[in-house]
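Visitor: Residue numbers (this note's numbering), protein chains in the order written: chain A, -9 to 504; chain B, 8 to 133.
These are calculated hints, taken from the structure and not from any lab test.
Here a beta-carbon is modelled for each residue, glycine too, at the ideal position from N, C-alpha and C.
A few of these clues could be false.
Calculated Cβ distances over 12 angstroms to all of chain B for the following chain A residues [to be verified]:
hint	residue
1	R57
2	S95
3	A164
The following label-pair restraints were derived from C-beta to C-beta distances [as the list claims (entries may be wrong)]:
hint	chain 1	residue 1	chain 2	residue 2	range
4	B	L58	A	A220	51 to 61 angstroms
5	B	N60	A	Q171	47 to 57 angstroms
6	B	F19	A	Q76	47 to 57 angstroms
7	A	Q76	B	P99	16 to 26 angstroms
8	A	R205	B	E103	51 to 61 angstroms
9	B	S82	A	K378	48 to 58 angstroms
10	A	N77	B	R83	37 to 47 angstroms
11	B	S82	A	G374	11 to 21 angstroms
12	B	N64	A	L202	46 to 56 angstroms
13	B	E20	A	Q76	28 to 38 angstroms
14	A	Q76	B	L58	35 to 45 angstroms
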Amino acid sequence: MANGNLVRTGIQGLDTIFLGGISRGNVILVEGEAGAGKSLLGTEFIYRGIVEYDEPGIIVVFETSPRKLLRDTAAFNWNLEELQQQNRLRIIFTTPQILEQELRSADSLLMETAIELGARRIFIDSIALLRPTASNGNSALPANGSGSYRELLQQIIEGLDREGITPLFAHERALHGEPAQTLETAEFLADTVIQLQRGDYPAGAYRRIEILKSRGQGFEAGVHTLQIKAGQGLKVFRRVQCRVQATGYQPTSTIQKSAIGNAMLDDLTGGGLYEGSVTIVTGASGTGKSNLGYQVLVEGARNAGKRGLLVTLDEHPEQILRNADALGLNMREQVEAGTIYLLHDSPLELEVNVHFDLIARTIEEHQIDRIVVDGITTYSNAIGDERKFREFLHGLIAFTKQRLMTAFISYENPELFGMTRFMSDSNVTSVVDNVILLSYVELGNMMNRAITVAKARGCKHQYITRQYRIERGGIVLVPEGISEISNLPFSSYYNLLSRAPTRFNRNIPPQIDD
Amino acid sequence: MLESDLEDVSAFEIESWLQTLGIQQLIEWDVLVYLYRHQSSLINAEQISHLLNYGSNLIVEALKTLESLGLVERSRASRGARLHRLVPPVEPPCQEAFERLIGLKNAHPVRRLLARRRYRGNVEHE
């Protein structure tokens, strides 16, 4: 659809879910309970129309004092008073009865004002208060015909359409009685219906926005996050979903590259991991998952010119840099050079759509090539909803694959020794390309660390469990044939990944399948 | 908008500002404040009278007075309703007088002064 046929709301993120804007000529209805943000959305629709698209507008209020409206919108740095003085905006206080008379009349003062202003948009807050003058205030509204609310709305819509004015009506959300009846009528007559919701966390509130319908165009269906940003206004965060259409082109890399510059580790993976692949690194706490992630980023930035992003809910950036320094990785240098970025968000009341938007914008703005998510377990707890967690993870994986980014995602295995199951609550292993297991192995009275590549798509990886150490520089594989325990290497044991590693009989050489 | 602190404003100053604007009656002040708060109002005198608890005839008179003072703009009548718009003065000394009065954090001194004037007027009349 050509842009000239779209009315842009100018509200951050809202035009995105309308795929560019709302079809011109559509009657827009915004509904929601008290405090959901209807008045703010309507006011911003008018404000943005004036300052960004040079479309003068009118705001009609019945109950809110216009002076309070001016006061409250000043908090968003919107100078509505100035716009009125410039004759680009008119805030009109009136009564439902007068408005109804005016909008039915061909020579109404309201229309005269609209013409004088050159108004292209109007916001009426709220049409739930309108009543046909023919109706008796004590009896129910007729459903149809003369004196009905439907007829009234049709006349209003007709009048505004004649003048080429895009109307946005607010209506309270009601489930019973007359308001529910008028809402149903308004929903039917409106071409675009936006529903706002307000809910409560245990210690906070959230807002949601959903497009129920919009005639003549497509839109992003589903419930998106809505926030009120101080100093700005409303912002819509698209819900986490795959940005790539199923039939769209999915780029695939054929380049195998060293992820952390370690030849022995690359051998385990059959020569390195494919660029653009997604790797899950799983292991108990302390096995070195974060360390591996730091190495991936530093190696990429320092030696391969790859910009990196570390995303975490667990640790503050300064702590991450301290830990990396302790390993001798000097990630700080890369952060200061702008080749590695650290993104930390709080897991408390995590708004997953907002968080995903932050990750996506950071990736796009800084052209990130490698991403490390450390650790995905905290996301599962923070999001609290298995389906939403899965959606988030799938969405993130799809986003990184579409950009051919190399991704490492760490997952904390709750089992200290051995691994009987792996990410059974999220069912994502089928969509990741590589799975690396980091384990503790107790041999004698020493805790050793073991690394196994359980899966590496498209790579001829080794099915061998190797011992590794964490020392300055990060993860280092212990060369084959060397061990700190009784001079016996890992290859002298079986069941290394179980809770009971067992030494092979010395008299019988171990048999290893190719 | 000049904010006037209650403690710093004397009755003499308030009287002076009201005189500068030409406002003599409490109802004129109340209607002026109503229009200031409601910006453009598409409304009839009867509805203003319901909101301000004055007789509609008195509201009509007050609106005419404010219009003659140049403080209010009224459109033609449309089925009994008019579009009323406050026109803040832009020239001194009226501009300062208006901003001082409207900017008062507490409007009671203004209303009290005008109410007393009405009382005195009633007493003299008697």
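Visitor: Compare the structure with each hint and give your call.
Guide: To see whether the hints hold, each was checked on the structure:
no.: 1; hint: R57; in the structure: 4 angstroms, violated
no.: 2; hint: S95; in the structure: 7 angstroms, violated
no.: 3; hint: A164; in the structure: 26 angstroms, holds
no.: 4; hint: B:L58 - A:A220: 51 to 61 angstroms; in the structure: 33 angstroms, violated
no.: 5; hint: B:N60 - A:Q171: 47 to 57 angstroms; in the structure: 34 angstroms, violated
no.: 6; hint: B:F19 - A:Q76: 47 to 57 angstroms; in the structure: 38 angstroms, violated
no.: 7; hint: A:Q76 - B:P99: 16 to 26 angstroms; in the structure: 23 angstroms, holds
no.: 8; hint: A:R205 - B:E103: 51 to 61 angstroms; in the structure: 54 angstroms, holds
no.: 9; hint: B:S82 - A:K378: 48 to 58 angstroms; in the structure: 54 angstroms, holds
no.: 10; hint: A:N77 - B:R83: 37 to 47 angstroms; in the structure: 19 angstroms, violated
no.: 11; hint: B:S82 - A:G374: 11 to 21 angstroms; in the structure: 57 angstroms, violated
no.: 12; hint: B:N64 - A:L202: 46 to 56 angstroms; in the structure: 49 angstroms, holds
no.: 13; hint: B:E20 - A:Q76: 28 to 38 angstroms; in the structure: 33 angstroms, holds
no.: 14; hint: A:Q76 - B:L58: 35 to 45 angstroms; in the structure: 29 angstroms, violated
Violated hints, listed in ascending order, are 1, 2, 4, 5, 6, 10, 11 and 14; each of the other numbered hints is respected by the structure.
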